[in-house]
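Engineer: Residue numbers (this note's numbering), protein chains in the order written: chain Y, 1 to 305; chain B, 1001 to 1327.
Since the hints were derived computationally from the structure, they do not count as laboratory data.
Note that the Cβ used here is the ideal one computed from N, Cα and C, for glycine as well.
Treat the hints with care, as some may be off.
[Stated by the list, open to error] Simulated coverage check for chain Y against chain B, where a stretch passes if three residues somewhere in it have a Cβ under 8 Å from a Cβ of chain B:
1. 98-109
2. 218-230
[Unchecked claim] Some residues of chain B that are not near chain Y, with every Cβ distance over 12 Å (derived):
3. Thr1081
4. Leu1086
5. Ser1093
6. Val1126
7. Ala1136
8. Leu1139
9. Tyr1179
10. Leu1184
11. Thr1191
12. Gly1215
13. Glu1259
14. Asp1294
15. Ile1303
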Amino acid sequence: MSFILFIEQLLNGLQFGVMLFLMAAGLTLVFGVMGLINLAHGSLYMVGAFAAAATATATGSFLLALIASLVFAAFAGVLIEVLVIRRLYARDHLDQVLATFALILIFSEGTRWLFGSFPLFLDKPDWLSGTVNLPFGIIYSRYRLAMILAGLAVAAGLFWMIARTRIGIRIRAGENDREMIAALGVNISLLHTFVFALGAALAGFAGALIGAIQSVQVGMGEPVLILAFVVIVIGGIGSIKGAFIGALLVGLTDTLGRFLLPWLFQFVMSPSSANAVGASLSSMSIYLLMAGVLLFRPKGLFGSQ
Amino acid sequence: MSKETLLNAALLALLALFPLGAWLADEPFLITLTTRAVIFAIAGVGLNFALGLGGLVSLGHAAFFGLGGYVMGVLAYHAQTYTSLLSWPIELSGTTAMPIIWLFAVALSALLALGIGALSLRTSGVYFIMITLAFAQMLYYFTISWPAYGGEDGLSIYVRNKFIGLNTMDPIQFYLICYGLMLLVLALVWTFSRSAFGLALGAARQNEERVLALGQRPYRLYLTAFAISGAITGLAGALFADLNRFVSPTMFSWQTSGEIMIFVILGGVGRVFGPVAGAALFILLEYSLGGLSDYWHVYLGAILLGVVLFARGGIYGLLTGREVAHD
Chain Y
1 MSFILFIEQL LNGLQFGVML FLMAAGLTLV FGVMGLINLA HGSLYMVGAF AAAATATATG
61 SFLLALIASL VFAAFAGVLI EVLVIRRLYA RDHLDQVLAT FALILIFSEG TRWLFGSFPL
121 FLDKPDWLSG TVNLPFGIIY SRYRLAMILA GLAVAAGLFW MIARTRIGIR IRAGENDREM
181 IAALGVNISL LHTFVFALGA ALAGFAGALI GAIQSVQVGM GEPVLILAFV VIVIGGIGSI
241 KGAFIGALLV GLTDTLGRFL LPWLFQFVMS PSSANAVGAS LSSMSIYLLM AGVLLFRPKG
301 LFGSQ
Chain B
1001 MSKETLLNAA LLALLALFPL GAWLADEPFL ITLTTRAVIF AIAGVGLNFA LGLGGLVSLG
1061 HAAFFGLGGY VMGVLAYHAQ TYTSLLSWPI ELSGTTAMPI IWLFAVALSA LLALGIGALS
1121 LRTSGVYFIM ITLAFAQMLY YFTISWPAYG GEDGLSIYVR NKFIGLNTMD PIQFYLICYG
1181 LMLLVLALVW TFSRSAFGLA LGAARQNEER VLALGQRPYR LYLTAFAISG AITGLAGALF
1241 ADLNRFVSPT MFSWQTSGEI MIFVILGGVG RVFGPVAGAA LFILLEYSLG GLSDYWHVYL
1301 GAILLGVVLF ARGGIYGLLT GREVAHD
């Protein structure tokens, strides 16, 4: 195992983590402000990916595809918030789980009906394909590097918005006391729709970015959604900072686990069984990480204790 | 007799008579369909024990359903290929005897539920939902990447396992086994929910502090309930695998967890017989809407949404006129 290969996997882990953060940020914001657990967040990710793939096919422009992913995912978010989700804020978590599970069924089958069961493909643009030379002789995919940078930029923008702008102040106030800021004259239902749409747009953006390196298909959102759940359980529900740290931890653990565990087991067993055991263990690594965090901090790393 | 008791009796009678009618009319497919409903009902009754009685919203019951399925698959696979399951520290071989398989499925699911429960019950509310979901997903990926028992492709068993004195390959005889087990599980859950333990558990759901003040530890009550709940769902998993003579990682998938929860909700949370009605309705919907359109999940989603938003008590709530079972 060479040093350069290790750095490359480290970057892959970072890229995965940054994308997970885009998913987890929306989930944790929605939970923090509205107290809602949204299983349909993965569907919004899928909507973003399909919107991007369809737009790229129609126009040939990757930038337009990214914009479409943001717009369509935000629009889908507003639509379900107004029609369904806002009736659930006052309900218990069981009702929220079921209603958003129902939304997954509707979104998935609706997408299958519109686009068919075969996966779509979203191509990387020419200006982002190929590789890029980094210091120390590391050669890395240009597109994945762009994903890391785009994700970090969005994360920075989100932190800035929440810490410095008026809407951010309202979001934080909403997390602390919903009734009070409504009494102070803030249109709380508009704020809720905005937060939901923001989370949806972030998920859709992640879907579009990942759609270019994986296939775009129905059901692509839920595995990512469950990983995002693991992220916010580790980070602490409601905490954006926790979501960021948790996302990076999960991304790195998963990628490095897949890479390092089979290699480590080679020292104690034959290569073929080392691969089998390594692969099975690494598929469980992030859940074991979650279990470990739960043992010591049941409310997550940055959750309010 | 209350409306609920009447409904329970009608449901049991229907599930007994319908397959007999299908048997007389020589419609084995309808018998198999009802068998599915009864097995799903057992899985739902299991979840309902934790969800309805204990208020534990577990979105990870596929873990137990899948484990039960794999217990059946692995034991039968070793018996049918005459290979030993374990050679160290003790010699263990597989088996094709259903009762032994059930015993293992129940015991191992209970153990798994104790493990998952011990960790997830350190938290509550929305954390609990996400963590149970995550643990089930962990097992899903584990079975996919573990190559010994078919990995992603699953494991086929060519002959259904054996039960003394019955021909299990005959649909109606296998149905009777499942129906009998469902009655047993229902009786068990009925007894549990009226025992001192069940009452304490219900009390813990409603007010943890008071239960604590009365000297009962809610954590212990919840954990016991979760283990019993997992064990019952594991039994259903073993039966389901035997019905299909096939196990695959799909049994561990998050959709399975969601469907088990749908059985509970459609029937009515917290009613002992609720999941039986819910599973029957689910199979009915799948059969009738599935024939109508390839995209029947859209309708299922719409119906589920309607039930959650407007008819919270499910079938039992609608027919007995009370929204919530207790509280």
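Engineer: Work down the list of hints and note, for each, if the structure agrees.
Structural biologist: Hint by hint, here is what the structure shows:
1. 98-109: holds (count 10)
2. 218-230: Satisfied; 5 residues make the cut.
3. Thr1081: 19 Å, holds
4. Leu1086: Per Cβ check, B/Leu1086 is outside 12 Å of chain Y; nearest 17 Å; holds.
5. Ser1093: It holds; B/Ser1093 is separated from chain Y by about 23 Å at its closest Cβ, greater than 12 Å.
6. Val1126: Non-interface label on B/Val1126 violated, nearest chain Y Cβ at 5 Å vs cutoff 12 Å.
7. Ala1136: 9 Å, violated
8. Leu1139: The assertion about B/Leu1139 is violated, with a minimum of 8 Å to chain Y.
9. Tyr1179: 28 Å, holds
10. Leu1184: 28 Å, holds
11. Thr1191: At about 25 Å from chain Y, B/Thr1191 clears the 12 Å cut-off, so the statement holds.
12. Gly1215: 24 Å, holds
13. Glu1259: With a cut-off of 12 Å, B/Glu1259 comes too close to chain Y, as the shortest Cβ separation is near 9 Å.
14. Asp1294: 8 Å, violated
15. Ile1303: 8 Å, violated
Of the numbered hints stated above, those contradicted by the structure are hints 6, 7, 8, 13, 14, 15, listed in ascending order.
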